[in-house]
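Asker: Listed below are the residues making up each chain.
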Amino acid sequence: MAGEERNLIVKIDNVRKVYNTRNGEMVALNGVNLDIYENEFICVVGPSGCGKSTLLNIIAGLHDATSGAVYCKGKKVTGTGTERGVVFQQYALFPWLTVKKNVMFALEMKGIKGKEAEEQAMKYLEKVDLVKFADHYPKELSGGMKQRVAIARAYAADPEVLLMDEPFGALDAQTRTQLQTELLETWEKDRKTCFFITHDVEEAIILAQKVIIMSARPGRIKSIINIDIPYPRTQETKMTPRFLELKNEIWSQVYQEYLEVRK
Amino acid sequence: MEQKKQSLASRIPPKVWLLISFAVAMLVWYIMSIVPQTSRAFPNVVVTIEGLMRMVERGAFWQDLSSSLISVALGYAIGFIIALPVAILMAWYVPVRNILEPWIQFIRNIPPLAYVPLIVICAGVGRLPQVIVITIACFLIMCVTIYQGVINVDETLIKAARVLGASDKDIFIRIITPATLPFILTAVRLGASVALTTLIAAESTGASAGLGMRIRSLNNTFDAAPMLAYVIIIGIIGITLEKIIKFLERKLTGWQEKREI
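If you read the protein sequences in the order shown, they are chains L and W.
When we follow the working numbering, the leftmost residue of the first sequence carries the number 23, and every step to the right adds one.
When we follow the working numbering, the leftmost residue of the second sequence carries the number 222, and every step to the right adds one.
Incorrect hints may appear among the rest.
[Stated by the list, open to error] In silico DSS-like links for lysine-lysine, alpha-carbon gap of 27 Å or less:
id	chain 1	residue 1	chain 2	residue 2
1	L	K132	L	K97
2	W	K236	L	K123
3	W	K472	L	K135
4	L	K132	L	K214
5	L	K154	W	K472
Everything labelled a hint here was simulated from the structure, so no lab data went into it.
Chain L with its partners taken away, still in its complex shape (with noise of 0.2 Å):
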C-alpha cells in the first residue's frame, strides 16, 4: 500500500447484525471490519450459513445491520443506490422483458431514454456477446446466458463496485469455468471494484487479489489471504504450484469453519 494512493470505496465498520427467530436471537455477523479499494477483487469464501450473503445484502443496502455500518466512498449507506450493483444468483432477470429492455431498465433508471438507452445496451449486451439474443425473453436463455445478461445489466448501471452473490452457483461446471474466464478477462481490461462471494475456493482463488475467509456462525472475518499470481488468469493458473498452495492453505481454513458448523 505503501506509496500508492488508493481509493476507498466500501468501508465496512464493526458490523453485527442479529436475527430474531423463533428460538431466540441468532447472530448473523459479529464485529465484521473491512475496507474494500477501488480495483479490488475480493472473494469471500466460508461454509453455508456463516453470513456471506447477509454481508452482501447490508452492503448492498438491501437489509439493515443491527449496530456498525457500511460507508460507500465516505457515505453511510442507509439503503440501495446505484453506486452498488448486485449480481444474484437467481439472475434475477425480468422475464416480461426481451434481453435487451433488460439492460435498458438499468439504463432507464438512471435517466438515459430512447434510443440513447438502446444503442448503449446493445454496447452492454457486446461485451458479453450476446448482440444475437437481444430480442429473446429470458425464458428462451441458458442459465449461463441468463446469467451474463445479468451481467451486462449490472454493469449498465455502472457502479463503482460490483457485489456479486455467488453468481456462478446455479450453474454446470463448465459453464462455470467459462463465466469465470470471460469475468477475469472482463475485468483484467476494466479493473471494476468486485465483492464476490462463492462458497468454490477455486473459483475464488482463480479471481481474486484477496480471499476472504469467513468463520462459522456467528460470522466473523476469520483470514483474508493475498493472492499473489499474477494476472493475466487462465483455467490452466489452476494446475500451477502455487495456485495448489493456496488451495491447500484456504481449504484446510474453510474447512475448520466447516467441522465447526456441523457442531
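Got chain L; can you put chain W on it based on the hints?
Answerer: Using the frame of chain L, we list chain W on its own:
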C-alpha cells in the same frame, strides 16, 4: 403396433382432431336422440334448431340472451373492480388478509344457489339480485386468484429493481404490475366461467327473462328442444369467452416460463 398408432395420432393436425371430436359428439347426440331413454331430453339437431327458432319467433330468445349477457357483464365487471384492490390490500396488509381470507374461503365453498333466497329477501326481484349473485361469485374467485399472484411476486425481482435505482412507484408499475398480470388474466378467465355457471342460480331470483330463467321455465312444460338449444348456447358463450381471454393471455404473457391452469 402401439408405436405405429401413436405416430398416426400425432400426424393428424389439431384442426382435424377438432373436426373428429365434433363429428363424434354429433354422432353421440344422434344416438341419444334415437335411444328411447334419452330421446325425450335430447331431440335431434333439426328438432332442437326448430325449438330455438320457435323461441326466436316468440321474441323470447333475444330478450333472454341480452338479459343474461347484461347480468353477466355487470356482475363480472363489478366483481373484478372490487376484487383487484381487495386482493392487493390483502397481499400488502397482514390485518386485512387475516380478517378477510378465512371468510372468502368459507363463502367460496357455498353453492350460490344456497344463498340466493337470502339475497332475494334483501334485494327483492329483478336485475339487482341477479347482478349481486354473479358479483359475489366472480369477486370470490378473482380475489383469491389475484391475491395469490401478488403475494407470489418473486422478491428477488423487486430487490434487483431496487439496486438498479427503482423507486416505489417504478416497482409498482414496472415490476409488480407485469409480474401479477398472468394471475390477473387467469382471474379474468376463471371469473368468466364462474359468471356463466352462476347464471342459473342468479336467474332463479324471479327474473322475467334470461337464458337460465328460460331453461327453468321450459323445464316445467318438459319442452326439451329449446331447453337443449339454450344449454348449448350457454356453452358456446362460455367457450368463446375463454378463447378470447386465452388469446389475450398468449399475447400479453407469452414471456412466462410456465403456463398456469
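Asker: So, against the hints stated earlier in the document, which numbers end up violated here?
Answerer: When the structure is compared with the hints, only number 2 turns out to be violated.
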